[in-house]
Amino acid sequence: MKKTYTEAYAELQALVRLLENAEISVDELSEKIKTATELIKICEEKLTATEIEVGKVIQGLSE
Amino acid sequence: MWRQNISKIYVMEENTYNDRKVYSLSDVAQSLKGVIEQNYVRDFYVKAEISKLNYYPHSGHCYPDLVEKSGGRITAQLRSTIWSSDYFRIQKKFEEVTGNSLSDGLQVLCLARVTFHPSYGLSLHIKDVVPEYSLGELAKAKQETIAQLQKDGVFNLNKTLAFPLLPKHIAVVSVSTSKGYEDFMSIMKQAPHPISTYLFPALLQGDGAILSISEQLKKIATMHEHFDAAVIVRGGGGDVGLSCYDNYGLASLVANFPLPVITGIGHSTNVTVSEMVAYYAAITPTDTANFLLEKQLSFADKLEYFQNNIAGFAGQTLTLARQNIQLTKEKIRLLDPKNILKRGFSLTTKNGKLVKSSKGLKQGDVLKTMFSDGEATSIIK
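Chains as they are written, first to last, in my numbering: chain A, 301 to 363; chain B, 6 to 386.
Worth flagging that the hints you see were computed from the coordinates, not collected in a lab.
Mimicking DSS-like on lysine-lysine, the simulated pairs with C-alpha atoms at most 30 Å apart in a straight line are: (1) K373(B) with K334(A); (2) K303(A) with K334(B); (3) K332(A) with K302(A); (4) K336(B) with K303(A); (5) K332(A) with K334(B); (6) K343(B) with K332(A); (7) K334(B) with K302(A); (8) K332(A) with K336(B); (9) K332(A) with K373(B); (10) K38(B) with K52(B); (11) K147(B) with K57(B); (12) K334(A) with K361(B); (13) K164(B) with K184(B); (14) K336(B) with K341(A); (15) K303(A) with K343(B); (16) K336(B) with K302(A); (17) K356(A) with K302(A); (18) K346(A) with K334(B).
Let the sequences and hints guide you as you build the complete structure.
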């Protein structure tokens, strides 16, 4: 199941809030950090793909 | 009664038929004429409504049918006469003062005398008309129309319609041969993107205009989904004969119209009620066309603006997203215990649980300490 950018970003923000405030066991902590890192990767990939897509569309518009 | 008068006024030729006294019709008519002219010796003022003007351009004479109504019913009716010698002067003065021609439906105050003609019968001979009286009556009627439309709750109704972003099909109520229509069309032809117009011919002033315009508006209303707006353009007719636009029926039709109505009636005097309730009242037919053209241009401008800026908007959104991700990445990096341990901190656990406080620790407890590069076990002394 592929997450959309919006979904991945929302999940990521929730995770950051959790990490910043909550009491998390050491084992859980590294698990959460791993998830967050994956989410960041998804978001970055989506962004890069979107940038390329938008670039193409805009180029088509001005032609 | 009249027999007595006949003997008095007119010496008639007496005839008999089987012992009956017989009079000729002209005898009776002449007698009536005598009675009437004897009793009505002076001019006097009469107020009445012109139900039909009956002007004959060839002779120049005018034979208005005068009526008085009460509750919509005619309670009095009399023919009248304005001779051509008076008509021109009366009409000219009337137009100057009221901005309207003498026409059907007008309330008038006339200086008149009762006359009787053996061939044409009873009539009021109108010698003058007081235009100020009609002006007052017109203003009163106009105020009544405004008040009624406000009471109906429709006075601003047409203005609340959404004007189409890009008007492409316009229904035009006008006269193909009028100067106003010509002016309107000449501007419309300059539209950078063609706007199609459909003419619905109508009389635009004076007698018959109310009915004529109303009929065409109703026709447009039945097919309104094919049009973006309706336009009423008149021009070159001067300021005379515009009171038809103050008519309640017509103004109400404009106010309730399913399409925005743009008027270009072209005059310099008071704004009529139909114009007040229209979506937009342009002063001239030229202004009316310009209004539509501006709508088209503003749409084109908007498109151009979007085209020029869409890359910028998209770029802004993406840059912002990129920054947010970068920020989050940094936060996560700081929160990662591995990075904290690298800075010289260590984690202490007892039975697999993180120890955050020295309270609750006893002698002999076994603690496990995690460093960035390994672990050590210790016993509390």
